[in-house]
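*Asks:* One-letter residues, chain by chain:
There are 2 protein chains.
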Amino acid sequence: MSQIPIERKVLNANDAIAAALRERFLEHGILCLNLISSPGSGKTALLERTLERFAPDTRVAVVTGDLQTDNDARRLARAGFPVKQITTAGACHLDARMVENALSDWNLAELDLLLIENVGNLVCPTSYDLGENSKVVLMSVTEGEDKPLKYPGIFYKADLMLLTKIDLLPHLQFDDALACENARQIHPGLEIIRTSATTCAGLDRWLGWIEARMHRPTAA
Amino acid sequence: MSQIPIERKVLNANDAIAAALRERFLEHGILCLNLISSPGSGKTALLERTLERFAPDTRVAVVTGDLQTDNDARRLARAGFPVKQITTAGACHLDARMVENALSDWNLAELDLLLIENVGNLVCPTSYDLGENSKVVLMSVTEGEDKPLKYPGIFYKADLMLLTKIDLLPHLQFDDALACENARQIHPGLEIIRTSATTCAGLDRWLGWIEARMHRPTAA
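Residue numbers (this note's numbering), protein chains in the order written: chain F, 1 to 220; chain P, 1 to 220.
Please keep in mind that the hints were generated in silico from the structure rather than gathered at the bench. Errors might be hidden in some of the hints.
Heads up, the list lumps identical chains together, so a pair's fine if it works in one copy or across two of them.
Claimed, not checked - Simulated pairs of lysine to any residue, SDA-like, Cα-Cα distance not exceeding 20 Å:
(1) Lys9 - Ala55
(2) Lys157 - Ala89
(3) Lys157 - Ala19
(4) Lys9 - Ala91
(5) Lys9 - Gly29
(6) Lys157 - Gly90
(7) Lys157 - Cys180
(8) Lys157 - Thr88
(9) Lys157 - Glu145
(10) Lys157 - Gln68
(11) Lys157 - Leu11
(12) Lys9 - Ile193
With these hints in hand, go ahead and build the complete structure from the sequences.
*Replies:* Structural data, given as structure tokens:
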């Protein structure tokens, strides 16, 4: 018995649910972004800074995935927007069914933007469509310049790369030009924004990137 | 069709190969360590410093896994010991069959220590026995103190945690006592060594930890 046909079957089932989610997001004019990175590249910190910038009447919600704990949901909820934690109890990625379940209490007609923080994992979440408009890959400057070459899948599929923690550059031997060159070797023309959740560098550009893609622009 | 029985079947097949590997390692008096962490926590850098410390006649070899590229093998080979790269072509973990294949050209009677650098992933490699004596988990101080709570599996299964990149502590808001407390909440009594591949802090203790477990001590 080979593993490949089974994985295909699981992914096909996932794709069907993801397609239905995408349909619903379109119907309600929701922009959905799926944030993917290694554990510890700063997804939650960046989302905290992002949510703080939104006007209180922004119709944004967040779904965040981890194997265990609701730490991230508690951190993100401080900004006052709806947040739901998915604990995957061992699964290494979010799948479309988990997102569908997480959304079941919410009225999608009241949302314009849905941010999904995937499980920290640079590999498996890449294969699972969640109905998002775009995947966004985060890579921190502490991780090594060759991550795009070693984990090409997500860099190929993402519409945007956020290079995070750039405030740490003075303390590291990290060649950020080379990191970006490696990412664009996998994905020519990939848009890259250099960010820091500490200094808020790049936040305006990241918010502008989101804004430009939203169906109903928010007052950021 | 549920996913769980299939995963079990795959794991059972893996366990059988891993058990055979473990038998062979025992027969040849080889200590085998399986290093697991997020991408970018510094497995390769720590292994570079580790290999540099060994006497030239140390009977050590390294197997290193990545989705793509042989960058890590080329970095590690500089120390002069046998190194083999496994590229998993998309798989998110090493499995016992990959290790068995990687070892096929080597005479195990000539080895005392086998270091396996797993694919950068804090989740999936945890489930795949490679016949190792111990799993070693690495966590860098750039990753956030709650990683052990969010990804408990590997911290529970590891016999040692290496807290890496401690040279960066002055530049971070990272509470290393809390990180260790979180790890020991998952795994009471877990041994933890604080290391830096930049300053070589903790290297002696890490080498001592290895030495104490080797069947035939090496002249480090």
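*Asks:* Can you name, in rising order, the numbers of the hints this structure does not satisfy?
*Replies:* 1, 5 and 12
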